[in-house]
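First to last, the protein sequences are chains A and B.
Each residue of the first sequence is one higher than the one before, starting from 112 at the first, in this note's numbering.
Each residue of the second sequence is one higher than the one before, starting from 112 at the first, in this note's numbering.
What the hints contain is simulated information worked out from the structure, not anything from laboratory work.
One or more hints might be untrue.
It does not matter which identical chain is used: a pair holds within one copy or between any two.
Claimed, not checked - Listed below are the simulated EDC-like cross-link pairs for lysine to aspartate or glutamate, each with C-alpha atoms no more than 20 Å apart in a straight line: (1) K534 with E505; (2) K438 with D470; (3) K212 with E460; (4) K548 with E422; (5) K534 with E120; (6) K548 with D282; (7) K438 with E422; (8) K534 with E404; (9) K212 with D470; (10) K379 with E513; (11) K534 with D509; (12) K438 with E460; (13) K534 with E327; (14) K123 with E159; (15) K534 with D128; (16) K392 with E404; (17) K212 with E500.
Below, each chain spelled out in residue letters.
Protein chains: 2
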Amino acid sequence: MFEAFRAIEDLKPVLGDRLVTSGAVREHHSHDTSRLPPSMPDAVAFPESEGDVQAIVRTCAAYGVPVVPFGVGSSMEGHTIPIQGGISVSTRHMNRILEVKPEDFLAVVEPGVTRKQLNVALRDTGLMFSVDPGPDASLGGMASTRGSGTTAVRYGTMRENVIGLRVVTPDGTAIRTGSRARKSSTGYDLTHLFVGAEGTLGIITELTVRLHPIPEEVSSAICAFPNIRNAVEAVIATIQYGIPVARVEFLDEVAIGGVNNYSRLDLKVAPTLFFEFHGTKAWVGEQAQVAEEICLENGGTGFRWSTDAAERARLWQARHDILWATKAIRPGCDLYTGDICVPISRLAESIVAAREDIDASPLTGQIIGHVGDGNYHTAYLIDPNNPDELAEAERLADRLVERALAVGGTASGEHGIGIGKLKFMRREHGEAVDVMKRIKAALDPAGIMNPGKMGQAG
Amino acid sequence: MFEAFRAIEDLKPVLGDRLVTSGAVREHHSHDTSRLPPSMPDAVAFPESEGDVQAIVRTCAAYGVPVVPFGVGSSMEGHTIPIQGGISVSTRHMNRILEVKPEDFLAVVEPGVTRKQLNVALRDTGLMFSVDPGPDASLGGMASTRGSGTTAVRYGTMRENVIGLRVVTPDGTAIRTGSRARKSSTGYDLTHLFVGAEGTLGIITELTVRLHPIPEEVSSAICAFPNIRNAVEAVIATIQYGIPVARVEFLDEVAIGGVNNYSRLDLKVAPTLFFEFHGTKAWVGEQAQVAEEICLENGGTGFRWSTDAAERARLWQARHDILWATKAIRPGCDLYTGDICVPISRLAESIVAAREDIDASPLTGQIIGHVGDGNYHTAYLIDPNNPDELAEAERLADRLVERALAVGGTASGEHGIGIGKLKFMRREHGEAVDVMKRIKAALDPAGIMNPGKMGQAG
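With the rest of the complex left out, here is chain A (with noise of 0.2 Å):
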């Protein structure tokens, strides 16, 4: 389009080779990990700086042309796909840790700083940065998708972790929510209006983020349950005793008869939760003994748990071998993944409807989750190059999506809205869906922040 060469030509003096053209270049940022069709950028940045950013924004603005903020391209739901063209704007260069306090337990760093960099640099703080998705995604990316994983449980999603943020709003001007201080009773909470919005309100240029205690000791446990209902049951009774569980992760029979498969392990086939307790040296094997009972009570076998490393991997082998067991069950296939959360009080009739959808369709599928927070993923096992499986699959991720929503639930636990999900804005939000609209407008009345997504269509 006209306005995006204009803006292209008027960018490049600016940003000389940290404006790319190629096609290659604007293929890699045409699509993201999810089956929706790609869409081409007119051009992709690669900015350097605050300034670079604000640079990039006013010119868009200037022209009216989209701009798409890009992390490491991990997203699952179309996030990143310019679906109107315009400019993509990589945060892979914005990647320096600025600053590490320990002693206020955050660090501030680049958007383009990725998990596994930010923990490789606090290695002799003692302390972690806790959330952990599963791909190493950009910290950026996971602000903005309200991300979080297995550790959620026990310290949070990106909500909780995000204390504050510079952002380059749709007008390119720079501001900065939240402060250092832990809590503040100050203006309108800007910075969760930013985590989650997906690019559709500006470009996060800085984060500060919250960082915990590495634990002394960690102790891990793995029990088999007769059913899905005992082992929600369990997990439930666990949380009300008081056991601050650091992970809790449900896999169903059929993960189980995956892993067994692939890595060579003899679990017994049912469904299984493995647990992680943080703490000292005491305090994780209380932690153990009182999951422990809780689980028995709860009809569970089999339970064992550990604190030694080797041993503690062993236990939790089945859970971190799930993905490629997964895809060895049908080699060749693609996973369709489906990501909701429920009250916990509806997730044992969640998971086991969920289950006979999938018994009942002609593909086979799986169930994961991280139980203690409700939310869990199906992956259905689909061949990539048949329209009518992938169409099942859609009809199943929808299906799960209506029911999580007719109990109280969400439509995205971790995945985010992107393109996938805004047919199911309305549904679950309902009149809210015009007060966001109206805070997008009021934002970027032009429009050109991520266009076509969140705060626009839906």
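Got chain A; can you put chain B on it based on the hints?
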């Protein structure tokens, strides 16, 4: 004003005796606990349902009449003072506990429910609502000021403990924010936008709040320190060790001296920490022992701890009696209260400077703090009829805020902006204030919701 008269006439047939114009009732809603000048509302409404609230807001919107939400009136910075008249909306009769879901660790309440009322209702569930700002405030008010208190270091503030809301927005629409899921990646985070908005974006008509297990055991401890810095460093080290302190309160020498006199205690007159630990029997013992070692390493003396209820009450008596003890230092005085929060690495120097300011002033004053959060309060003892003393207290409180902002802190840890701290909004938030104003203008274009406060002035 004539518009208010017309709004009242229109609302009379709708609300009946739930709309009051008597002088005594209007006077009661003309002030809060601050020394800010009172201002009378034209009427006070006592809605009993969300429908009532919608009727009030729609009528006021039609005439451009201010709407000022009111909980129990315990705010400390003028939040509920109707400085432009209009209708005070008391949530006093919206005080039903609608649902308690122990398995989901949540309760659904109307905004007039107070924290003590909720905890009484939770008695048989083994769960508690953790946020404790001191007075028996309404949950709607606590949410609107993003309140917290002594337990925030462990269980979070209202920011972490409100998981969803119903809100009547300034055009009279009722929306729902959040869901019952523990986490979600769908949509702008409207819950956190309304939490802390001080009634300027809508009226909260329902809250879904998070509950926590009542700990099996509680241990309390007390320790004196040679100076403020050592006390703060002991707190930092305790948290770095991974001890999940449930409460850690600081009293300075003046506060300890006052309590010794008032409560006939013989505490060492020194900076003193009061700890509380929650957990299993073994775990609270271990927490206290680790804290003791750390306190001794940091120069602490006289460390005592106990799990016995009577002994715990005795250890914490000084902290519990502090309000009355302080007032007794100068009979007939008023307490002018400061409230800031700083990064904990800057807490010691901040308290020392606040102490030096008081010592150099003709006023007496003391300092108490929720030090695990970096939040503390100064209390200046003033003669309420002496304008010079009020001016001096204001000067001290302003200096306190200015120093907090200079080190990356915030103008208010938990009391909020109200009227009293509007002057610091731009200094703290810079150009982010313009984003807040754009949001306010988008959601409340006529400016009827608690006008002249956050989002408009400052």
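Against which earlier hints does the structure fall short, listed by number upward?
Hints 4, 5, 7, 8, 9, 10, 12, 13, 15, 17 are the ones this structure does not satisfy, whereas the remaining hints hold.
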